[in-house]
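Novice: Chains as they are written, first to last, in our numbering: chain F, 94 to 205; chain C, 49 to 161.
Rather than coming from a laboratory, the hints here were simulated on the basis of the structure. Take the hints with a grain of salt, since some may be wrong.
[To be verified] To give an idea of the interface, some chain F residues facing chain C are shown, with a C-beta separation under 7 Å as derived from the structure:
#1 Gly121
#2 Leu136
#3 Ala180
#4 Phe183
#5 Val192
#6 Gly197
#7 Ser198
These figures come from a predicted structure and were not determined experimentally. All C-beta atoms, glycine included, are put in the ideal place defined by N, C-alpha and C.
Listed below are the residues making up each chain.
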Amino acid sequence: DSGVTQTPKHLITATGQRVTLRCSPRSGDLSVYWYQQSLDQGLQFLIQYYNGEERAKGNILERFSAQQFPDLHSELNLSSLELGDSALYFCASSVGQGVGYTFGSGTRLTVV
Amino acid sequence: DQQVKQNSPSLSVQEGRISILNCDYTNSMFDYFLWYKKYPAEGPTFLISISSIKDKNEDGRFTVFLNKSAKHLSLHIVPSQPGDSAVYFCAAVDNSGNTPLVFGKGTRLSVIA
């Protein structure tokens, strides 16, 4: 157990739907990062939050949004889902904004 | 534009031999490099790292070499063991800019007994 908890582990949904992925960071970590891993792709950075504030944005689609709550857990919201959104979504956390990421085990999203 | 490239999607090595995984980067601002290991159904886990002020870092069976002029790093695993079979991701960061880690696509290592 890495200390980073992601729920749900698996999610199957239809095109056009909306889903929410949840991440609880490791105790004491203030930064949360979301990454997407599609088939044959590496880990693509989506977005970072630090202590409740958005700090960096990567290749995140406008249909996707995220937030970090006062208790530091984070949610990634994916809407108007398309088949191409099927992927593994990983959350990672770190104490500050530097290196030393701890990853969760991911949420596998399948859009049918 | 892919800033971190792992050009070998897969590598197969005999148990006991050396595994060499390669990684190239294009961003000259990167000053810290990491290797992560990923088993199926698990998240990536940190393996070893190297700062740009060094050219080698060793941790047990794992050694990372950095060639800044060539913008190239490699991970050596000696001796390779069946339990090393996993996907290995190379990652890089510009620490001064507080930017997130940039990952390569990964190399799947298979160690054959």
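Novice: Which hints, by number, does the structure contradict?
Specialist: The structure breaks hints 1, 3; every other hint is satisfied.
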